[in-house]
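*Asks:* Spelled out from the first residue to the last, the chains are:
Number of protein chains: 2
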Amino acid sequence: MNGADLLCDVLLANGVDTCFANPGTSEMHFVAALDRKPRMRCVLGLFEGVVTGAADGYARMADKPAATLLHLGPGLANGLANLHNARRAHTPIVNIVGDHASYHLQYDAPLTSDIESLARPMSNWLGRVGGTDDIRDKAEQAYVSAVMHPGISTLILPADAAWSAATDQTIHPVRVPDRPQADSVMVRKAASALRGARGRTALILGGDAMRADALETAGRISAGTGAALFTDRTARWQRGAGRVSPTPVPYNIDLAIAAFREFQTVILVGGRIPVGFFAYPGKPSVLLPEGCAVIDMAGPEHDLKEALALLAEETGTSDTAPTGISAFTASALDAPEGALDADAISIALARVLPEGSIICDESITSRGRLAAVAPTMAPHDYLPITGGAIGIGIPLATGAAIACPGRKVVALQADGSGMYTVQGLWTQARERLDVLTIVFSNRGYSILKGEMRNVGVNDFGRNARRMLEIDDPTLDWCALANGMGVEAARAETAEAFVRVLDEGLSRPGPFLIEAMI
Amino acid sequence: MNGADLLCDVLLANGVDTCFANPGTSEMHFVAALDRKPRMRCVLGLFEGVVTGAADGYARMADKPAATLLHLGPGLANGLANLHNARRAHTPIVNIVGDHASYHLQYDAPLTSDIESLARPMSNWLGRVGGTDDIRDKAEQAYVSAVMHPGISTLILPADAAWSAATDQTIHPVRVPDRPQADSVMVRKAASALRGARGRTALILGGDAMRADALETAGRISAGTGAALFTDRTARWQRGAGRVSPTPVPYNIDLAIAAFREFQTVILVGGRIPVGFFAYPGKPSVLLPEGCAVIDMAGPEHDLKEALALLAEETGTSDTAPTGISAFTASALDAPEGALDADAISIALARVLPEGSIICDESITSRGRLAAVAPTMAPHDYLPITGGAIGIGIPLATGAAIACPGRKVVALQADGSGMYTVQGLWTQARERLDVLTIVFSNRGYSILKGEMRNVGVNDFGRNARRMLEIDDPTLDWCALANGMGVEAARAETAEAFVRVLDEGLSRPGPFLIEAMI
Numbered sequence: 001m002n003g004a005d006l007l008c009d010v011l012l013a014n015g016v017d018t019c020f021a022n023p024g025t026s027e028m029h030f031v032a033a034l035d036r037k038p039r040m041r042c043v044l045g046l047f048e049g050v051v052t053g054a055a056d057g058y059a060r061m062a063d064k065p066a067a068t069l070l071h072l073g074p075g076l077a078n079g080l081a082n083l084h085n086a087r088r089a090h091t092p093i094v095n096i097v098g099d100h101a102s103y104h105l106q107y108d109a110p111l112t113s114d115i116e117s118l119a120r121p122m123s124n125w126l127g128r129v130g131g132t133d134d135i136r137d138k139a140e141q142a143y144v145s146a147v148m149h150p151g152i153s154t155l156i157l158p159a160d161a162a163w164s165a166a167t168d169q170t171i172h173p174v175r176v177p178d179r180p181q182a183d184s185v186m187v188r189k190a191a192s193a194l195r196g197a198r199g200r201t202a203l204i205l206g207g208d209a210m211r212a213d214a215l216e217t218a219g220r221i222s223a224g225t226g227a228a229l230f231t232d233r234t235a236r237w238q239r240g241a242g243r244v245s246p247t248p249v250p251y252n253i254d255l256a257i258a259a260f261r262e263f264q265t266v267i268l269v270g271g272r273i274p275v276g277f278f279a280y281p282g283k284p285s286v287l288l289p290e291g292c293a294v295i296d297m298a299g300p301e302h303d304l305k306e307a308l309a310l311l312a313e314e315t316g317t318s319d320t321a322p323t324g325i326s327a328f329t330a331s332a333l334d335a336p337e338g339a340l341d342a343d344a345i346s347i348a349l350a351r352v353l354p355e356g357s358i359i360c361d362e363s364i365t366s367r368g369r370l371a372a373v374a375p376t377m378a379p380h381d382y383l384p385i386t387g388g389a390i391g392i393g394i395p396l397a398t399g400a401a402i403a404c405p406g407r408k409v410v411a412l413q414a415d416g417s418g419m420y421t422v423q424g425l426w427t428q429a430r431e432r433l434d435v436l437t438i439v440f441s442n443r444g445y446s447i448l449k450g451e452m453r454n455v456g457v458n459d460f461g462r463n464a465r466r467m468l469e470i471d472d473p474t475l476d477w478c479a480l481a482n483g484m485g486v487e488a489a490r491a492e493t494a495e496a497f498v499r500v501l502d503e504g505l506s507r508p509g510p511f512l513i514e515a516m517i
Numbered sequence: 001m002n003g004a005d006l007l008c009d010v011l012l013a014n015g016v017d018t019c020f021a022n023p024g025t026s027e028m029h030f031v032a033a034l035d036r037k038p039r040m041r042c043v044l045g046l047f048e049g050v051v052t053g054a055a056d057g058y059a060r061m062a063d064k065p066a067a068t069l070l071h072l073g074p075g076l077a078n079g080l081a082n083l084h085n086a087r088r089a090h091t092p093i094v095n096i097v098g099d100h101a102s103y104h105l106q107y108d109a110p111l112t113s114d115i116e117s118l119a120r121p122m123s124n125w126l127g128r129v130g131g132t133d134d135i136r137d138k139a140e141q142a143y144v145s146a147v148m149h150p151g152i153s154t155l156i157l158p159a160d161a162a163w164s165a166a167t168d169q170t171i172h173p174v175r176v177p178d179r180p181q182a183d184s185v186m187v188r189k190a191a192s193a194l195r196g197a198r199g200r201t202a203l204i205l206g207g208d209a210m211r212a213d214a215l216e217t218a219g220r221i222s223a224g225t226g227a228a229l230f231t232d233r234t235a236r237w238q239r240g241a242g243r244v245s246p247t248p249v250p251y252n253i254d255l256a257i258a259a260f261r262e263f264q265t266v267i268l269v270g271g272r273i274p275v276g277f278f279a280y281p282g283k284p285s286v287l288l289p290e291g292c293a294v295i296d297m298a299g300p301e302h303d304l305k306e307a308l309a310l311l312a313e314e315t316g317t318s319d320t321a322p323t324g325i326s327a328f329t330a331s332a333l334d335a336p337e338g339a340l341d342a343d344a345i346s347i348a349l350a351r352v353l354p355e356g357s358i359i360c361d362e363s364i365t366s367r368g369r370l371a372a373v374a375p376t377m378a379p380h381d382y383l384p385i386t387g388g389a390i391g392i393g394i395p396l397a398t399g400a401a402i403a404c405p406g407r408k409v410v411a412l413q414a415d416g417s418g419m420y421t422v423q424g425l426w427t428q429a430r431e432r433l434d435v436l437t438i439v440f441s442n443r444g445y446s447i448l449k450g451e452m453r454n455v456g457v458n459d460f461g462r463n464a465r466r467m468l469e470i471d472d473p474t475l476d477w478c479a480l481a482n483g484m485g486v487e488a489a490r491a492e493t494a495e496a497f498v499r500v501l502d503e504g505l506s507r508p509g510p511f512l513i514e515a516m517i
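Sequences listed follow chains P and U, in order. With our numbering applied, the first sequence closes on residue 517, and no number is skipped along the way. With our numbering applied, the second sequence closes on residue 517, and no number is skipped along the way.
This is chain P alone, in the form it adopts within the complex (with noise of 0.2 angstroms):
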């Protein structure tokens, strides 16, 4: 056994037994000791920004983490952007990445770089193997973090620990502790809140709260206290008819600043601040209005379940029957005509979406109407994109689909964010996912035009204009998708929509529509 066994054989033991990965030849050695560990399924993506993305993806539908396997500074730096949006959902990630032999650094070969400062923006724990005596350790220290936090533990692995002999041990999983308990006067400081000043009070719910069982509590509370109930960005939240349904925090600033405008105070519950995505000049950073407490009653990192279910003991509205609830109506609506655009599509979504459904969104501007209906489609997962870094979506599936086969999921695609990490459709071919994958096409970034319209720059010149549109030449997204094995067909009318998106979705292994908006 070397050192490479050893680290594979902590993460099995633990449970982390799927491995996304790109490696290189300082990885070999780990790619050899993967390859006597059947158990491990190993998905290689074609770039890093799908493995890390995927990874997110299992992650945030597994409950668990997977592990990544990147190939020196230059593997890990391709990959971070989707760590960085992975850290701002809180998903745990065991992230490995390979580095020279020790003694090879002071000679700054070719791929040499400092992975620490690379990894450190993104990473809740950052470690460096410094033997073969030290993996088990580390490792396990690497996968508690990771858990527990939970956010990324990047574990950097130098060549010479990988290939040297360990001692033979037997690996048995660590304890991790149980998530801790909301301080218990925060709980009541925040019923007090809430019983103070009815309607005036917001519960901002993200993490573990946007579960199901954990919304249906929070909508007792809503019930009893008139509390108001809001989401920003959370890494997954469990929709749909049946269900409680915060209110996502707008985008757009000045609907942002009115959503909060009447709120004496926020309670925090997984949830953050609300603050500005980007500032403007002359608009404020922070969404709340001023002289609006705030109460952190409870992180990511706490038993968000049970810290709603305090709440609710303390507010006495354990047995209120939810508010926010709406039925299955979407199936009702009718079939959209005419026009292709944002609306028609995320109507003839609705309508069909198969319920346990697992909805990843990188639509950006082409929502549509989905938010507006979808408390009334099948109950399904929906993950958003968390930290604004684009090129989720497409890896954000993959891994989805990885942590759940038998699920159908759905990607709702920009086409300017899906060629980011558009590699992504290969793994999806190579691994039979169950992924439909809608691509807006709008042959722009829509976002930044609206933006610079908000600058105050209505007529676009040559530069602006060669910066912001994607339509010299059109992307033709069918054949890119067939270029890496993935069947595709385009809509440019709703009611071809409506027809290719029911081939999509009868049909197992990934599909990808181009709808022409």
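The reader is advised that the hints may include incorrect statements.
Pairs involving identical chains hold if they fit within one copy or between any two copies, as the list cannot separate such chains.
[As the list claims (entries may be wrong)] Result set (SDA-like, lysine to any residue): computed pairs, CA atoms no more than 20 angstroms apart in a straight line: (1) K283 x S102; (2) K305 x E216; (3) K449 x P38; (4) K37 x T167; (5) K37 x R453; (6) K37 x D459.
Derived from the structure by calculation, the hints contain no laboratory data.
We have chain P; now place chain U onto it with these hints.
*Replies:* Just chain U now, with coordinates in the frame of chain P:
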């Protein structure tokens, strides 16, 4: 005039008139400023790895820096791998990274990250604009450092510095000091070594020492002193018939060690001490034999052409006829026939490559006989991957073509690496660039399969195959190219390749050949 205008003016005043970009909301004021400066050529990449790789290719050929424009930490992160390559190439780049407004950072909005930590490993110079008063000075520092050292200057531009009013001012170009001369003591030391041990001294050339005129001088020194000439992944090598041809340091560690076995002294003239690309158990890191002396005569920051002239003078070889120059005989090679492989492709290309072409080489294991026949090919510039971070080929060719309209660019592209930044094909189509891309479709990470055998694994199990093969599904490069607006053809035999190569070379504009090897 606002801060963004001022920054554009400083760039333009110093001849930085090309900006490779993928901006976001925090850069909208900069985009608006660029829109008011039609002299600036803005080139969009659909992924930041394309942006930074193109900036590398551009500066290698234009001999001046381009600017980049990247969107906060995640946008920078996506561009880091090719910045790593550019750093190893000593390529000047003014790398502009937008950030949130300074006062907004404290709220840790979703896209916030530690940009400095991400940028530092790849940057020779790193600065953050404090306010509009500060922009001119910082921008000039960034430019001067990029040109002088040479390397990457990362300038972080907070949105509020971009949008705030700046004092109207006339911007003059900054005076960049001439490159320093090599230390005369070191030159004499090198000359003494060259005189001392005929045939047992090697010059390792890099940077501008690999331009045709400097190489001619190196050839004179070699002829007069018996010195061997080596080079190791130089940014730009002026190569081909009529030019002096140093020997590339082999990638394979055993071959590299053998190449240096006989030397008593190596003299660095823009090159580096040869070290293993990777470490291997039981093999040395430094490739020089024990006791071999190293004379670091001049680095990439020096005037290397002049350094070689001084060395020639000191060794009395200024008028010696240079060795190692071949005639243009590749055109007389027989056209390859039969099965298509890397050898056949290299010979087919060697026969017909137009004079003045630019070869961007990310062929990895598919180089075939190209290095062997290169000295007999029509004179051309050769741009290799310098830092080992794959995904440079397509972007590099894109940038080189923008720098050199009227010259044919030939990208030799391995398939695994090509997928990393495949989005660059779209920029080639948009900008109507005269790039011929040859994809070596071997449907695997062949270099890694060799490395697995090096670590003793000859029979690959499922996990190894799943990480090293990319044949299930096979990539259809013609479909991928067409999907981004680039015409393409497939060749399965040597005869077919010769035919489509003629077609690709005879037409302007981007074209891709999928060579099934």
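*Asks:* Determine for every hint whether it applies to the structure shown.
*Replies:* Hints, verified against the model:
Proximity of K283 and S102 under a CA criterion of 20 angstroms is satisfied inter-copy only: 14 angstroms between copies versus 50 angstroms inside one chain copy. In the homo-oligomer, the alpha carbons of K305 and E216 lie at most 20 angstroms apart inside one protomer (10 angstroms), although the nearest pairing across protomers, at 75 angstroms, exceeds that limit. For a Cα distance limit of 20 angstroms, the shortest separation of K449 from P38 across copies, 19 angstroms, qualifies, whereas the shortest one inside one copy, 49 angstroms, does not. In this assembly of identical chains, K37 and T167 lie within 20 angstroms of each other by CA distance solely inside one copy; the values are 18 angstroms within and 65 angstroms between copies.
For a Cα distance limit of 20 angstroms, the shortest separation of K37 from R453 across copies, 18 angstroms, qualifies, whereas the shortest one inside one copy, 55 angstroms, does not. In this homomeric assembly, K37 and D459 come within 20 angstroms of each other (Cα to Cα) only across copies, at 14 angstroms, whereas the closest approach inside a single copy is 60 angstroms.
Of the numbered hints listed earlier, not one is contradicted by the structure.
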